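J.: The primary structure of each chain is shown beneath.
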Amino acid sequence: MDNGQECTSGLSSTACDVGAVPAEEIAAICQTFGNDKHRMLDILRAVQDRYHCISPSTMDSVAAETGLTRIQVEGVASFYSFLSLTPKGRVTIRLCDDIVDRYAGLAEVVAVFEEVLGIRMGETSADRAFSLEYTPCIGMCDQAPAAMINDVVLTRLTVDTARAAAEALKAGRTPDHLISERYAELTPHERATRMVDNNIRHAGEVLLGPVPEDAGLDKAAAMMPSLIIAAIEESGLRGCGGAGFTTGHKWRFAAAERAEKRFILCNADEGEPGTFKDRVLLTERPHLLIEGMTIAARAVGANEGILYLRGEYVYLRELLEQVLEDRRRRGLLGKGIHGIRNFDFDVRLQLGAGAYICGEEGALISSCEGLPGEPKTRPPFPVNRGYLGHPTVVNNVETFCHAARILDRGATWFHAMGTEGSHGTKLFSICGDCLNPGIYELPYGHTVREILEMAGGQDAAAVQVGGPSGTMIARDSFHRKLTFDDLATGGAIIVFNGERNILEIVEYYMSFFVHESCGYCTPCRVGNVFLQKAIGKFRKGLANPEDIDYLKELSGTIIETSRCGLGMTSPNPILSTLQNFPLVYSAVTKPNKDRIRDTFDIQSAIDGARKIAKRRSYIFDRDFTQ
Amino acid sequence: MSDLPKARIATASLAGCFGCHMAILDIDERLIDLMQLVDVDRSPLTDKKRFTTRCDIGIIEGGCCNEENVHVLHDFRRNCDVLIALGQCAIMGGLPAMRNAIMHSDAPLRECLEEAYITGKYIRNTTHNVPNDPALPLLLDEVYPCSEVVEIDYQIPGCAPGGDIIFDTLSKLLTGKFRGFEREMIKFD
Amino acid sequence: MSGTKKETGFTFTIDGVEITAYAGETIMEAADEAGVYIPRLCDHEGLRHQGSCRVCTVKAGGRSVAACTQPAAPGQAVENESPHLTKMRRDLVEMLFHEGNHLCPICEASGNCELQAMAYRLDMTETTRFPYLEPCRALDASHPDIALDTNRCISCGRCIRASEDVDGKGVFGYVGRGIHRRVAVNGENLADTDAQVTDHAISSEVCPVGCIIRKRVGFVTPIGEREFDKGLIGHEIEARRK
Ligand SMILES: Cc1cc2nc3c(=O)[nH]c(=O)nc-3n(C[C@H](O)[C@H](O)[C@H](O)COP(=O)(O)O)c2cc1C
Ligand code: SF4
Ligand code: SF4
Ligand code: SF4
Ligand code: SF4
Ligand code: FES
Ligand code: FES
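Chains as they are written, first to last, in this note's numbering: chain R, 1 to 626; chain V, 1 to 189; chain A, 1 to 242.
Worth flagging that the hints you see were computed from the coordinates, not collected in a lab.
Among the hints, a few may not be true.
Unchecked claim - Straight-line distance between alpha carbons at most 25 Å, and here's what the computed DMTMM-like set of lysine to aspartate or glutamate pairs gives: (1) R:Lys590 to A:Asp194; (2) R:Lys590 to R:Glu504; (3) R:Lys611 to V:Glu182; (4) R:Lys611 to V:Glu68; (5) A:Lys87 to R:Asp549; (6) R:Lys593 to V:Asp106.
What the hints assert, rightly or not - Which bits of chain V does chain R cover? Going by a derived footprint, with three or more residues having C-beta under 8 Å, they are: (7) 45-53; (8) 67-79; (9) 129-143; (10) 155-164.
Please read all numbers here as calculations on a predicted model, not as lab measurements.
From the three backbone atoms N, C-alpha and C, an ideal C-beta is built for every residue, glycine too.
Same shape as in the complex, but just chain R (with noise of 0.2 Å):
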């Protein structure tokens, strides 16, 4: 279990050096990155890709490249899990151990792994050629069970297709060769549309529907900033990266700081579980986004952008790298877009390193900023000082997409759409117990039931809105609405039907929120290993009805005293089930006997002793003399 108790050998993390890396080399990687401490993430990423590992001596030469302290490059290098301060082999197998992923045959798919590779989840073959790994969602919910090889995805995974792709990796095939014979000759598109399937069920009007070509951008070209702004206000919108933030206002915030710099962040970090819209748009609407960052840039007075790409969608760099250099060829990137003169903006990807967190705004600043994706203090918040302490705007790449439309149609047209407070459409990902999963672009509003009936997830006993962090439903709540007032989701949708167990999904979740906790504050790193525990007793049928009002004790403390939104709403799978599905706990709870604990199992705690001593328990052994 994830509690901290393995065995550190000193305080500096144990050592890997695989036959030293000339410090040359590494200073070569760092010279790539102008040996800007503020790149570590990059540097750090191309020495993972390159050697493997990054060693105590490497970190020395990193440090010394960029003007660090060792410790401050471990601290970076100790925080991604796609990091590694110990050797991984050339080929690193990341397989998705989501609850969807498992209920979709995730383990007969691993032990193929296991035994091609020879090897155990966990462990990097002596030869150094693989390490088979689990990893929390990588966003291919609709189609899992899911891996990644290195930097390609395979999906919809089953006993035959990992079985080929694992011999064909040991006969010493590349990942790409995975894909396609012909990967070479394939367009960036091509590659990322044979690795995962869009599956777009139902394109709406505003963003997956018929889209002309940087019409928005165009129209806001010719507007005041500060009417851009007034547009995005009056039309409604709010974040799509799950707070639901008016976006108008945060732009109105960014614009009215005083500075000489301002940033324009795009967020698709997308790592909530069950989430994966941004990943269709990402794929499909690629200029959209660009167009809509580069709507913000003018809007509120910036020059720089960044698109923060979470590590496991590495498939797609190539991609938007497209993308953007085909853009500054347009001249819609770079200096005097569309030849006005100061309307400069550019825009640089940053690909994460396997953490939930840095979705989070303040901790996706600190990842870009080089640091670990810690989140920051607030206030002040981004708007105010944000990335290097400059007015920073954050959103969600559904958010940007969504402004780019809405300066081309008007913010009338967006605003009719949805409900009161919640206007526009929205990109749901529905996964789970459906016949239709994937991506459904829908006006706020519509119920549960509906959304379920267009996905044919009719058999649902459970639904997980917004993913772990959000609400498990069940049927009696199945009317309610999909709104910032009732159920608010950045998207996600996991359907469960009747035969799933409530309490392993839980736990599942909690074991998410342990392994992505940042650990900067003590409840939700401390309390969130509690709750898990917790939920442990409960699945072995060893809990107390009063261990139920320790639940609710506890995450009433990790939620009220936690430092962000990640230990706010650790607690809910938790809450929400024991509201919506009271009998799933009180069945399995049982009063002590005698006020003697269950949880104390004297046969277990005697085992060792028996074995060592040979002989057996006079005392709880009823048997001892034979």
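Given chain R, work out where chains V and A with the ligands should sit, using these hints.
T.: Below, chains V and A with the ligands alone, put in the same frame as chain R:
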């Protein structure tokens, strides 16, 4: 006070150093007042090895490091209305629980025994064996605080708890006046 | 306080007591000046605010915030010592006890330890419901004058900030994530760093617990006559109140 029926008390020392029992004696002359209120049943202080009657209060020193500790603790829980964990060992394992954190090898118990009886730097054990008399209770895989084995009603902190906090807590519990400790009396050392 | 300064200040209340604050001050800074103690562990005079232990959580304007990082706001009613907040704080302190290995009876810091003293102040005396995590953590005695017993580290980061900002060194830093996040040193071990026993980061006031140990001076003051044997933690601040 004297017309109240006397409360029956039992005590036990599990995985502790007997220091907490000695601390009960630190109540000094107030012991006489306390004895006005209680009869002591099963306890090393009376040398009674079994419960002769159901008791109102059981006082436990030490956590559980072997099966006999567990057995005694179960017996106390079944025979006492209120159980008090006295001292840090009973409350959280105390010094004996150090082995929980330092032993994270594949065979922690074996290593622990070997270090204690054979390989330890300061060990003089001419037999070079780990004692294994059939009468010796089996060790547990870890040292457990009492509250992980049975429900505990109150705990009196300290190592050992001072005479004052013991007297104060017991006399208040016996007269139904206990509302928590005076903050100045709380000590974990 | 000087008349001119007062003009730029404003007032708010903590548990009904009127407090004067100045622009940019945190709730805790203003409270300290006024002699109102808000419990804290990661915050320390002279060091940057970190806001990580969350023991200073107060209710301000209906929201729970960390008093050490939240700016004071004019007219705001702040709740500090309510039973509800005390319970949360006790939970947090207890989490820190259970996250590491705290054996007060054998700890050199006992009696001087802020974590322990906070447990006393917050009445952490009831039977625990939290599991003990019992991590396996290292002891680093490599340095001739300093030892680190990370079993007792509560990740408050005071040593990190003291070393970086006061000593200008960077001897300590955080590594890892989540429950695995911990304080480590800038090298293979402490002897491999430029730490000196005269560093502010190593001084007895920075580490709130018994993790950073100065060799050869242990137990100079006997148990029973130590700092928090003389009064509850926070009593010095509370004594400022007129
Ligand atoms: C733990 C956590 C994870 C988050 N992950 C994401 C994410 O993956 N994508 C996203 O757009 N917003 C995420 N958010 C919300 C962001 O903090 C922020 O509100 C959002 O990016 C703002 O953009 P919006 O207003 O356009 O939604 C997350 C928040 C928290 C607390
Ligand atoms: S709540 Fe969790 S994720 Fe957020 S700062 Fe605290 S530890 Fe980090
Ligand atoms: S708490 Fe202290 S005095 Fe009491 S038994 Fe344990 S070690 Fe001995
Ligand atoms: S550091 Fe403090 S709380 Fe921890 S063992 Fe030492 S005295 Fe006790
Ligand atoms: S060593 Fe001490 S000062 Fe440093 S983080 Fe740990 S507890 Fe805080
Ligand atoms: S990819 Fe496995 S659940 Fe999202
Ligand atoms: S003192 Fe404020 S969070 Fe630690």
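J.: All hints, please: hold or fail.
T.: Now the hints, each set against the structure:
For the hint linking Lys590 of chain R to Asp194 of chain A, the alpha-carbon distance of about 57 Å lies beyond 25 Å, and the restraint is violated. Taking the CA atoms of Lys590 of chain R and Glu504 of chain R, the gap is near 19 Å; set against the 25 Å cutoff, the hint holds. Note on Lys611 of chain R and Glu182 of chain V: the hinted pairing is violated, with a Cα-Cα distance of about 47 Å set against a maximum of 25 Å. Between Lys611 of chain R and Glu68 of chain V, the direct Cα distance comes to roughly 17 Å. Compliance with the 25 Å bound is thereby established for this hinted pair.
Simply put, Lys87 of chain A and Asp549 of chain R have alpha-carbon atoms about 14 Å apart, close enough for the 25 Å limit, and the pair holds. With a C-alpha separation of about 33 Å, the suggested pairing of Lys593 of chain R with Asp106 of chain V is violated against the 25 Å cut-off. Coverage of a stretch by a chain is defined here by at least three residues with a beta carbon nearer than 8 Å to that chain's beta carbons; for the stretch 45-53 of chain V and chain R the count is 0, and the condition is violated. With a threshold of 8 Å between beta carbons, the proposed coverage of the stretch 67-79 of chain V by chain R holds, since 7 of its residues qualify and at least three are required.
Against chain R, the stretch 129-143 of chain V contributes 10 residues with a C-beta closer than 8 Å to a partner C-beta. That satisfies the three-residue criterion, and the hint holds. Under the rule that three or more residues need a Cβ within less than 8 Å of chain R, the assignment of the stretch 155-164 of chain V is violated, with 0 such residues.
Against the hints set out earlier in the document, violations occur for numbers 1, 3, 6, 7 and 10.
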